[in-house]
Structure formats: C-alpha cells, structure tokens
Amino acid sequence: MSGVRTGLETITGVLLDTSFIIRLLKVDDPLHPNAKAWFKELLDRGVPMYLSTVAVAE
Amino acid sequence: MERTATFEVVVSGTKGGQPMMPEDFDIKALRELLTEVEVLLFPGSSSRDRPVISYEVQPGSVRNLFRTGVQAVAQTSAVLALVASSGTIDMLEPRTARALEAMQRWAQEGDVAFALRTSLPGSPELIIDRTTHYLRTEAVSVETELYLYGRVVDAGGKERSNIHLQVEGQGIHVIDASKEFLEGLDKNILYHRMGVRAMGRQNLQTGEIEKNSLKLLELIDYDEHFEEAYLKRLQAKARGWLKDTDPDQYLNDVRGTYGS
Numbered sequence: 001m002s003g004v005r006t007g008l009e010t011i012t013g014v015l016l017d018t019s020f021i022i023r024l025l026k027v028d029d030p031l032h033p034n035a036k037a038w039f040k041e042l043l044d045r046g047v048p049m050y051l052s053t054v055a056v057a058e
Numbered sequence: 001m002e003r004t005a006t007f008e009v010v011v012s013g014t015k016g017g018q019p020m021m022p023e024d025f026d027i028k029a030l031r032e033l034l035t036e037v038e039v040l041l042f043p044g045s046s047s048r049d050r051p052v053i054s055y056e057v058q059p060g061s062v063r064n065l066f067r068t069g070v071q072a073v074a075q076t077s078a079v080l081a082l083v084a085s086s087g088t089i090d091m092l093e094p095r096t097a098r099a100l101e102a103m104q105r106w107a108q109e110g111d112v113a114f115a116l117r118t119s120l121p122g123s124p125e126l127i128i129d130r131t132t133h134y135l136r137t138e139a140v141s142v143e144t145e146l147y148l149y150g151r152v153v154d155a156g157g158k159e160r161s162n163i164h165l166q167v168e169g170q171g172i173h174v175i176d177a178s179k180e181f182l183e184g185l186d187k188n189i190l191y192h193r194m195g196v197r198a199m200g201r202q203n204l205q206t207g208e209i210e211k212n213s214l215k216l217l218e219l220i221d222y223d224e225h226f227e228e229a230y231l232k233r234l235q236a237k238a239r240g241w242l243k244d245t246d247p248d249q250y251l252n253d254v255r256g257t258y259g260s
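Here the protein sequences come in this chain order: C and G. Just so we're aligned, residue 1 is where the first sequence starts under the working numbering, counting upward by one. Just so we're aligned, residue 1 is where the second sequence starts under the working numbering, counting upward by one.
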C-alpha cells in the first residue's frame, strides 16, 4: 500500500480494537493477512496506534 | 500599546522593628524570589528559551519590578485573578502552583507578606501572607504508573542521575534513573527512540504529569518499524490460548449484549 494514496495521509492516530489484535496474532485466521498488512502500513507511515484498557481487558 | 509590561512583587516585613527596605533584602532571598518569578512569568519555558526579564528594585517596602513581554505578564495577571477570586491553587499547573506554594511557605516561616500585581490596567492583586493558605490539598495529585515514548536527549548526571526524554507534543520529561541502571545498559540510548515505564505524580484536576516527579521502572527498546521476527515471537506466545479460539465467538461471549 505504501506510495499509494489511501486516505491515511491525514490520519493522526488509530484506536485498535480487540478483534484486530486477535487477528494479528492468530496466523490461521482468515483475516490475519489483512490485520498484518494494516499493522505494517501504519508502522511504515508512522501513524500512532492506541490501545484502550478495555481492549487489553478483553 | 507597549510591548512590555511589569510584574511586581512587593515584599513587606520588618527588620529590627523597622519596615524592611531594599538594603535589608538579602541576595539569598532575592535569588529565591527570582526563581519563583521566572516560573510565574514563563511556566512552560526554560531560562534559555524565554524572552528577557529585566529587574529593578525600589523602596516601599521592597518593590521588585520585573519587566518582560506583555503577553507573559497578561497570562500571569490572569493567574493572579483566578487564584485571588477562587482562594485556591489546586487548579493551577504544577510548576505555577509550586512557585506560589514556595512563596506561601516563605510568608509563614519568614513572617513576610507578598503582594503580587502587574502594571496592566485593572490588574488584580494577590496577597500572600501568614493568614493565607495557598497550598495544594493533598488529594490534588496521585501516584501513577505510565508509559512514555520519545527520544532520549540526555542521560547521566553527577549528582542526580536521570534521563531526559523528549516526547512529541509534551516537551522533555526528566526521569530519575539510578547510576547503576545507566551504567549497566549494554547499548547507548542517547538520541534513540525509547519507551519508558515510570512512576510519577499526576494532577487529578488537570491530568498533567508532574514532569520532575518521574522515576524510571523499565526502559523499553522501542522500534517503531515493522519487524517480522518480533511479530512471530508474539504470535508464538499467543498460540497457546488462540489456537482453539474463534475470535467472533470469543468477543460475543466477553461482551455479551454490549454493543449489539
């Protein structure tokens, strides 16, 4: 996705949902590639990712 | 309108039964006063970054006149008005509150009185003397644990060892760290981006962290670049409890009807 205008250019931060975390860590989940690609993209673009205490508790 | 204005601190008291005069005002007291005034005028700046504050002393008892930019004086005037009308300093930012607390303690212990005012039209006057109580209430700040992420711009110190962490949008946090800890680091952290787990005091009213109250608990090697090996390690750790988990079912079970 890098180099392509995705709308992320104006985003100053994202709040991660529990579902995202589970799918990022669960390699056999059908949505794992999506979560991993977004994770990489957000890191590459330097977009801060926030995790709420509610998500941590879940 | 003039571009500069005056912040005035009148110190009243007696010396040998006579009203205090400028010649009775010792340089030690003056040095303390200058420190507090600098904070009151420029609470968010270091001495290097702020505009010039010029100083003049006049009789009556001891009139200390500080001239600087009109905006800083106007902000200080607003703080004086807020404190004078509310009778408390609990809502102030920690540095400003500490400066007024120092003057309050000075008034109580040294039996002097302070009158703080500015040269701006309609300026309020804040009196601090033995009868006032401009001290923060105990419950205004709490001990808290927090994570900070930023760039280490200094580490070490001969007397008080610490690291200085530049956090985007927040300025520099000074975090106490033992010499043994810094000595034992196996890599140079200077100018590296790091995460810090620290204990510190947080103002309950403003939410602000008291920057000089921080004590280091843990230094986190924080690399904001994507690292496949690191992700794989996390996935391996999570495999045990995720392998038989259906994410949708799990979240439905945890959340129940919440959000449905």
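Hints listed in this document are in silico derivations from the structure and should not be mistaken for laboratory results. The beta carbon of each residue, even a glycine, is placed where N, CA and C say it ideally should be. Errors might be hidden in some of the hints.
[Unchecked claim] Once the Cα atoms are required to be at most 30 Å apart in a straight line, the calculated DSSO-like pairs of lysine-lysine come out as:
| # | chain 1 | residue 1 | chain 2 | residue 2 |
| --- | --- | --- | --- | --- |
| 1 | G | 158 | C | 40 |
| 2 | C | 40 | G | 237 |
| 3 | G | 243 | G | 211 |
| 4 | G | 158 | G | 243 |
| 5 | G | 179 | C | 40 |
| 6 | G | 158 | G | 179 |
| 7 | G | 179 | G | 211 |
| 8 | G | 237 | C | 36 |
| 9 | G | 15 | C | 36 |
| 10 | G | 232 | C | 36 |
[What the hints assert, rightly or not] The following residues of chain C were derived to be distant from chain G, with all beta-carbon distances above 10 Å:
| # | residue |
| --- | --- |
| 11 | 7 |
| 12 | 19 |
| 13 | 25 |
Going down the list of hints, with the structure as the test:
1. G:158 - C:40: 42 Å, violated
2. C:40 - G:237: Given that 30 Å is the threshold and the Cα spacing comes to 20 Å, the pair holds.
3. G:243 - G:211: 43 Å, violated
4. G:158 - G:243: 52 Å, violated
5. G:179 - C:40: 37 Å, violated
6. G:158 - G:179: 9 Å, holds
7. G:179 - G:211: 20 Å, holds
8. G:237 - C:36: Answer holds: residue 237 (chain G) to residue 36 (chain C) is near 16 Å, not above 30 Å.
9. G:15 - C:36: 74 Å, violated
10. G:232 - C:36: 11 Å, holds
11. 7: 20 Å, holds
12. 19: 6 Å, violated
13. 25: Given that some Cβ of chain G is not farther than 10 Å from that of residue 25 (chain C), nearest at about 4 Å, it is violated.
When held up to the earlier numbered hints, the structure conflicts with 1, 3, 4, 5, 9, 12, 13 and fits the remainder.
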